[in-house]
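Residue-level listing of the chains:
Number of protein chains: 2
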Amino acid sequence: MTTPPTSSETRRPQVVIIGGGFGGFSAARGLRRAPVDVTLIDRRNFHLFQPLLYQVATGGLSPANIAAPLRGLLGKQANCQVLMEEVTDIDAERRAVCLASGDLNYDTLVVAAGARHSYFGHPEWESLAPGLKTVEDATEIRRRLLSAFEAAELTEDATRRRSLLNFVIVGAGPTGVELAGSLAEIARHSLKEDFHRINPSDARILLIEGGERVLLAYPPDLSKKCQLALEKLGVTVRTNSMVEQITDSTVTIKTDNGEETIPTKTVLWAAGVEASPLAKILATATGAELDRAGRITVEADLSLPGHPEILVLGDMAKCHDQSGNPLPGVAPVAISQGKYAAKLIRERLKNRPTTDYQYRHLGSLATIGRSAAVGEIGRFHFSGLFAWILWLVIHLMKIVTFRNRLLVLMQWGWSYFTYDRSARLITGQDSKGIATSEAASTPRK
Amino acid sequence: MTTPPTSSETRRPQVVIIGGGFGGFSAARGLRRAPVDVTLIDRRNFHLFQPLLYQVATGGLSPANIAAPLRGLLGKQANCQVLMEEVTDIDAERRAVCLASGDLNYDTLVVAAGARHSYFGHPEWESLAPGLKTVEDATEIRRRLLSAFEAAELTEDATRRRSLLNFVIVGAGPTGVELAGSLAEIARHSLKEDFHRINPSDARILLIEGGERVLLAYPPDLSKKCQLALEKLGVTVRTNSMVEQITDSTVTIKTDNGEETIPTKTVLWAAGVEASPLAKILATATGAELDRAGRITVEADLSLPGHPEILVLGDMAKCHDQSGNPLPGVAPVAISQGKYAAKLIRERLKNRPTTDYQYRHLGSLATIGRSAAVGEIGRFHFSGLFAWILWLVIHLMKIVTFRNRLLVLMQWGWSYFTYDRSARLITGQDSKGIATSEAASTPRK
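Heads up: the sequence lines are chains Y and R, in that order. If you want our numbering, it's the 1-based position in the first sequence plus 496. If you want our numbering, it's the 1-based position in the second sequence plus 496.
Excised from the complex, chain Y in its bound form (with noise of 0.2 Å):
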């Protein structure tokens, strides 16, 4: 029986949060006052600044520059357990979560596991078509681009440097749109006067979209100006296209004027994103309903239906704003739910009556490359310098230790004035085989 020591004595109310994002962390601290024991669980051991991840994917940050150890963050709150554990089924009547250690009994549970890639029904493209949701996809995309690069340098076939050198994103999304931005970024500066046979310059990247115009979920004008941005960097965008194949050396689209296929060694997925499979668990165990995406859905105050014990946040919640319009998966949602639970909770044991989740949508920001964002507060839109500014002095702030937020400004300045991004490891093992015997020795069971 995994319950905290503490409970024997004092017999406090048991909250259960599953999942150390966003969602789940600033829940965990919302209710460090509370009078209450809280047990985060997560399957890794740190928190991850996810809207940064792509700078690691592509070679401006290391991995522990925008992760914190949870144990670190919450260590010092001392009604707080940490167990770095798989949540493997949970009983609603029960009131417990499952773990491999053993159960673990609740009077609240908060769910908040996040989302990860989806495929839409063809599963074979993930190995083919990496997503970027964990330091793993970070460091293996990071290891295909640059392993791209110097497969080109090293090959005399013209037709294979061709594709080696095309590199396609599919989705363009916020993430979508950051990848492409800082590749074109690597090809044309960082990269620029690294090879003697071929010219990074030349690589070229292909934006997919489905959707009639990039950034989506933002206002029209500001989708043009991303698109006009990206162009200038090189970027080739796509819309209105649909991936139709992913080989291993090719991507297949679909467009108004017919198919086409390009060849190409490279290709990430930034397309969309389905609910943890734990939403799935958490529906058989309560009969709570999943949308397409996966997500459950959830009443005013989060909690699902006949279950006001059982809070869902971040990603894997549906929720409408009040004009009805879903709440994007953003870090923003995720933290002001977190917040909100731990709130609830703390009402709910004053007997207080409690209000309803309401999101406070601030603005949207996303950044293209140096220098260049769009972005909108209000009813202001703004883009280019100001835009990115902005964003770099957000996001520098939202980082969670004074650390990392020193560390990541260093590189940042560093990288700024020499266009130099350092962190270009090719690091794990390669299915070409080029990674060290001593590599190939380590054992990846």
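It is possible that some hints are incorrect.
When chains are identical, the list treats them as one kind, so a pair holds in a single copy or across two.
Distance condition first, Cα-Cα at most 30 Å in a straight line; then the derived DSS-like pairs of lysine-lysine [said to hold, decoys possible]: (1) K835 / K688; (2) K761 / K572; (3) K728 / K846; (4) K688 / K572; (5) K728 / K572; (6) K688 / K894; (7) K814 / K894; (8) K688 / K761; (9) K839 / K776; (10) K814 / K688; (11) K688 / K728; (12) K728 / K835.
Calculated directly from the structure, the hints in this document are not laboratory data.
Given the structure of chain Y, go ahead and fit chain R onto it with the hints provided.
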């Protein structure tokens, strides 16, 4: 045919360097003004500052902090190209290096492929007791160390918890001492407040040495000081102890008092190294002699007997100093040999008489932990804070790029004042399957 583009125009002497470590890199640098075409071949795309690798393994630094992309370092050297490739064979008669992408002809060949850890005829121990030579080794060791504490926090079984908190390090050379010292500090300081059920300082760190004392290569008085410092940190040192057997849950050691089996889930290997497998290829190609550690016996000018055009450097070469003592496999030796090789090549081009290689031993320094190190410079032996500060300054100065120097300095300062080690990430896939499904789904062919 993979030959540098320039060669056709100018027909300059072709120098091929295998290995971008300390030896190969300083050889390439030493030829920057020479009228030759240099091709540096490495399986990795970065130069690694191995002396600090143990700090990556113990969560103090990120891999990118101690690695610099070779192309970035050599990109501005017009006469040098970098190939990220694997050497499959060497044809000494045709003076060609065989690569997957084709053959590469040389007039002078510099071989500096380094060493890997040796399990003394027990290759099956490698997956049970990883060594520390590559970035992948370091992140794998970091994963194992941190995962052991996490698993100990989860288990209810006292026996299992005990074996999870037993850490065995085999080999008390500088690397073994550094690992043992940092691990002790992590357990006693960095993780102090992190856990609710276990007390990380209950961890037992056992350092096993086959020889009669730690740091055998150092003067006895310093070995004594080092062992005392380790014991002060809580490390148990066992000298004259040979490893008999390693399983996934035990280590059996043989001492004068008989055998002993220690239950442990974490064994690290720092006991010995052997030259890169490339040494065998070279020996077959040239008839050169290999010693027990697979190193190649070289002439007084580092060339192969009967092959003055082939030079062997660093951990791959068996050399002696004037008094006949074998040179240690450390960075200063490799660097000075790289510089010597470049000078030799330049002198030969000018048909000047060349001098034999001589190593001037400046001294040795080994760090144990916070404010604790031992060292000797000539007749002077010193230890404690002074040795430690000297170690810090020298290593900081030797780190290759200015950017990394700043990043390392910042993180060292941070760790010193906070006792924190913030790069405590458990990444990569994990034998216990704790890693996220996203991570699990990233391809590892």
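Subject >> Alpha-carbon proximity context of K688 and K761, limit 30 Å >> reply: Cα proximity of K688 and K761: one copy only (21 Å, versus 47 Å across).
Subject >> Alpha-carbon proximity context of K814 and K688, limit 30 Å >> reply: neither (45 Å within a copy, 40 Å between copies)
Subject >> Homomeric proximity label, K688 with K728: Cα distance no greater than 30 Å >> reply: within (17 Å within a copy, 52 Å between copies)
Original post:
Within a copy, between copies, both or neither: where do K814 and K894 come within 30 Å Cα-Cα?
Top reply: Answer is within: at 24 Å inside a copy they meet the 30 Å cutoff, but 54 Å across does not.
**OP:** Could you place K728 and K835 in one of the four classes (within, between, both, neither) given a Cα distance threshold of 30 Å?
**Re:** neither (40 Å within a copy, 45 Å between copies)
Subject >> Up to 30 Å CA-CA - K846 versus K728, copy category >> reply: Answer is neither: 57 Å inside a copy and 51 Å across each miss the 30 Å cutoff.
Original post:
At most 30 Å between C-alpha atoms: does K839 with K776 qualify within a copy, between copies, both, or neither?
Top reply: within (27 Å within a copy, 67 Å between copies)
Subject >> Copy assignment of K728 with K572, given that the CA separation must stay at most 30 Å >> reply: For K728 and K572, only the inter-copy Cα distance (27 Å) is at most 30 Å; the intra-copy one is 48 Å.
Original post:
When no copy is named, should K688 and K572 be tagged within, between, both, or neither for a Cα gap of at most 30 Å?
Top reply: This pair counts as between: shortest inter-copy Cα distance 10 Å, intra-copy 47 Å.
Subject >> 30 Å Cα threshold - placement of K572 relative to K761 >> reply: between (47 Å within a copy, 28 Å between copies)
Original post:
Under a CA distance limit of 30 Å, which applies to K835 and K688: within one copy, between copies, both, or neither?
Top reply: For K835 and K688, the Cα distance is within 30 Å only across copies (28 Å; inside one copy 46 Å).
**OP:** Have a look at K688 and K894 and pick one of within, between, both or neither, based on CA distance no larger than 30 Å.
**Re:** Between. Shortest inter-copy distance 27 Å satisfies the 30 Å Cα cut-off; intra-copy 32 Å does not.
Consistency with the previously given hints fails for numbers 3, 10 and 12, ordered from lowest to highest.
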